[in-house]
Amino acid sequence: MPHLHVEYSDNLKNLDVDRLLLRLNHALAGSGQFEELDIKSRAVALASFRVGVASVARAFAHIKLALLGGRSAEIKRQLSASLLEVLKEAVPSTPGLDIQLCVEVIDIDRDSYSKAHLPT
Amino acid sequence: MPHLHVEYSDNLKNLDVDRLLLRLNHALAGSGQFEELDIKSRAVALASFRVGVASVARAFAHIKLALLGGRSAEIKRQLSASLLEVLKEAVPSTPGLDIQLCVEVIDIDRDSYSKAHLPT
Amino acid sequence: MPHLHVEYSDNLKNLDVDRLLLRLNHALAGSGQFEELDIKSRAVALASFRVGVASVARAFAHIKLALLGGRSAEIKRQLSASLLEVLKEAVPSTPGLDIQLCVEVIDIDRDSYSKAHLPT
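Chains as they are written, first to last, in UniProt numbering: chain A, 1 to 120; chain B, 1 to 120; chain C, 1 to 120.
Please keep in mind that the hints were generated in silico from the structure rather than gathered at the bench.
Do not take every clue at face value.
Identical copies carry no separate label here, and so any pair may be met within one copy or between two of them.
Derived DMTMM-like pairs (lysine to aspartate or glutamate); straight-line CA-CA distance at most 25 angstroms [unchecked claim]:
hint: 1; residue 1: Lys-13; residue 2: Asp-109
hint: 2; residue 1: Lys-13; residue 2: Glu-89
hint: 3; residue 1: Lys-64; residue 2: Asp-16
hint: 4; residue 1: Lys-64; residue 2: Asp-111
hint: 5; residue 1: Lys-13; residue 2: Glu-74
hint: 6; residue 1: Lys-13; residue 2: Asp-107
hint: 7; residue 1: Lys-13; residue 2: Asp-111
hint: 8; residue 1: Lys-115; residue 2: Asp-16
hint: 9; residue 1: Lys-88; residue 2: Glu-74
hint: 10; residue 1: Lys-13; residue 2: Asp-38
hint: 11; residue 1: Lys-64; residue 2: Asp-38
hint: 12; residue 1: Lys-115; residue 2: Asp-98
hint: 13; residue 1: Lys-64; residue 2: Asp-10
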């Protein structure tokens, strides 16, 4: 924890995913809320997607940040806003393509969370 | 929001995923609960899956609908039921294959949800 | 239900995913909490991932177990611990690679969960 998931429709052709993940992790590390090593992020490109029902070119990128419960609403709002800023920088406007960006934050149940570390 | 995720085991060979996503989105749009543009759906085929432990041919398709919190239990039940109807139409019975279909609805924390729109 | 998701960074080269899923399902079946047929598990390899911000070789595998609400904290802790044991057996330490393993358990809203069964 934290676990960060990026999903993005694969018509966002120019998205540099590795760079995005690194910048998102820097934003999380810079928040002071987490150990650097604990930040685990992944991105998945979506080949099958549909936004609404209209026949227009649409795209989206969605971030889900999962945290062990107990952080305040204010901290979660700040984390969400800072991740959205990183996402906005990474996804440029594209002529002819309607793009939606979103960030959600969810709590992980602390009581049933288990982990192990196999160091090098 | 809403965000809809379809996962399906890739032994559901005849599933027309693009058509399914469009029909699911029509069901959501027709519920009157959402703006058409806001409905963001995706589908992922699962190459690695296992149902139970028995050595028989089994498949599943699972829908997760994520909504900003605040809707009533009754509305969530209705949305879930209508999505299941669409899924049942899309996934035909297949001789020799045991198929499970499910729909879950989860709340997104409204307070920490961020979004941006880059229109065309 | 239950729904089990495994995500793993694809630098865990020697992970036998099919065997892992079968062993996880055996652990769930053996818990006495579920019908064998109801256990639906899947695994996804992550090609795009980033752990922290340092330039060292890191990997992770994460299990999410989603259950219909109502089980006690103690049962969820036990399930989490038993899944982590299976994961630890499946993912060997690897010289030069820092590996994190985690298990989270989440509740599915029982009231809006829908399902259908198309038997063979």
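Q. For which of the previously enumerated hints does the structure constitute a violation, in increasing order of number?
A. The structure breaks hints 1, 5, 6, 7; every other hint is satisfied.
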